[in-house]
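Whole structure, please, built from the sequences with the hints as guidance.
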Amino acid sequence: MSLLTYTEEFFNYVREFLLLRFLLFALVLIIISFVINRIIDWFFRKSSFFDEEVEQTIQSVIRSIFRYIIIISLIIYLISQFVDIKSIIAGAGIAGVVIGFAAQQMLKDVILGFARLADKEFRVGDFVTFNGTNSGTIEEISIRFMQIREWSGKLLTIPHGEIRTIQNFNKGWMRVIERITVSYQEDPTRVKELLEEVCVICNEKLDQTLYRVEDEAVEPFKYVGVTDLNPNLKYVGYEFCITGLIKPEDYFETSRQVRFELMSIFHKNQVQMPAANMVVTTESLQHIHGGQSLSDS
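Residue numbering for the sequence shown follows the UniProt record's numbering, beginning at 1 and increasing consecutively.
Derived from the structure by calculation, the hints contain no laboratory data.
Be aware that one or more of the hints could be misleading.
[Unchecked claim] When the alpha-carbon atoms are kept at most 16 Å apart in a straight line, the in silico EDC-like pairs for lysine to aspartate or glutamate are as follows:
1. K247 x D207
2. K222 x E197
3. K171 x E121
4. K222 x E204
5. K222 x E249
6. K120 x E150
7. K205 x E253
8. K268 x E204
9. K205 x E261
10. K222 x E178
11. K268 x E193
12. K171 x E261
13. K192 x E139
14. K192 x D250
15. K222 x E261
16. K205 x D250
17. K222 x D207
18. K247 x E219
19. K154 x E139
20. K154 x E140
21. K247 x E214
22. K192 x E239
23. K247 x D215
24. K268 x E197
25. K108 x E162
26. K192 x E178
27. K222 x E193
28. K171 x E239
29. K247 x E216
30. K171 x D119
[Claimed, not checked] Beta-carbon label-pair distances, calculated as ranges:
31. I265 x F169: 21 to 29 Å
32. R63 x L23: 34 to 42 Å
33. I76 x R149: 15 to 23 Å
34. F169 x A26: 26 to 34 Å
35. R256 x N131: 20 to 28 Å
36. E121 x N269: 16 to 24 Å
Beta carbons are placed, not taken as given, at the ideal position from N, Cα and C, and that holds for glycine.
Below, the structure written as structure tokens:
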């Protein structure tokens, strides 16, 4: 039997079995998607048009789009085996209303996803806080949802439609603001001198983390002053503050190092820390019998 005969028999067999046709169609789509993804990876490895984080974001979105194309194509192909596509197109008006109503949340996610990608609100690798509650590093951005890795290691998936507010810790610059309260027994002038010394140390040790424009630090660490006298008496002491403008990617590590320098120099100079204020209310004890006090009985 010739090769042509085997080929004809194979295609006749394929035409008779829906599952096999469906699997072959899916395999072709997957291969095409795999090849295109490889080409995209090769393009970004060879080019230097974008930053690494931007490239990761673009690749993540493209992969997401291809996933949806494959799924939609498979669904359309499967439906076409049972229903005339022309009749589906003819009734697309009614079907569109029904599908749109049923999938309005998904459509909302997709539209918001495209809008946020166009506005460049964030990118893969950014550390963000969503809705004031969930914080983590962005690992994947798709047209429908976003995945962030929390500090604990948990992977959180958030649809774009559920994102109301976004705090991005990797945009432009960040300001380290460290407030510290000391006892009222301390001399404010002495505390000021120690904090100015801390700022000098931080500017020397953390020089590479300072935010710069044209190689000049915009706002090195500096002493701000007394920022609170604690009128509510939560802590019995003065509140002082120092600040510094740094690169966003170094924010958390720099904040920890500044706190360490603060506590080191305060410990070295035996600066008194505040004590929590305690309010004690006393009442005179009264003898219940006869309404007389104990002292009168």
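21 to 29 Å was suggested as the range; check whether the CB atoms of I265 and F169 agree with it. Distance hint for I265, F169 holds at roughly 27 Å.
Holds or violated: K192 and D250, Cα atoms, limit 16 Å. Given that 16 Å is the threshold and the Cα spacing comes to 26 Å, the pair is violated.
Need the status of pair K154, E140: alpha-carbon distance at most 16 Å? 14 Å, holds
Is the Cα-Cα distance between K247 and D207 16 Å or less? Status holds; Cα separation ~11 Å.
Take the C-alpha atoms of K222 and D207, compute the straight-line distance between them, and say whether it is at most 16 Å. Cα-Cα ~13 Å, so holds.
For the pair supplied as a hint, K247 and D215, confirm whether the alpha-carbon distance does not exceed 16 Å. This hinted pair holds, its Cα atoms lying about 13 Å apart.
Agreement of K171 and E239 with the hint, judged by alpha carbon distance not exceeding 16 Å: 29 Å, violated
Would you check the hint for K120 and E150, treating anything up to 16 Å between C-alpha atoms as holding? 22 Å, violated
Holds or violated: are the alpha carbons of K247 and E219 at most 16 Å from each other? Holds. K247 to E219 sits at ~11 Å (cutoff 16 Å).
CA of K222 to CA of E197, is that 16 Å or under? 10 Å, holds
With the threshold set at 16 Å, check whether the alpha-carbon distance from K247 to E214 stays at or below it. With Cα atoms ~14 Å apart, K247 and E214 stay inside 16 Å; holds.
Would the pair K268 and E193 pass a check requiring their Cα atoms to be no farther apart than 16 Å? 14 Å, holds
Going through the hint list in order, the structure does not satisfy hints 5, 6, 8, 12, 13, 14, 28, 32, 33, 34 and 36.
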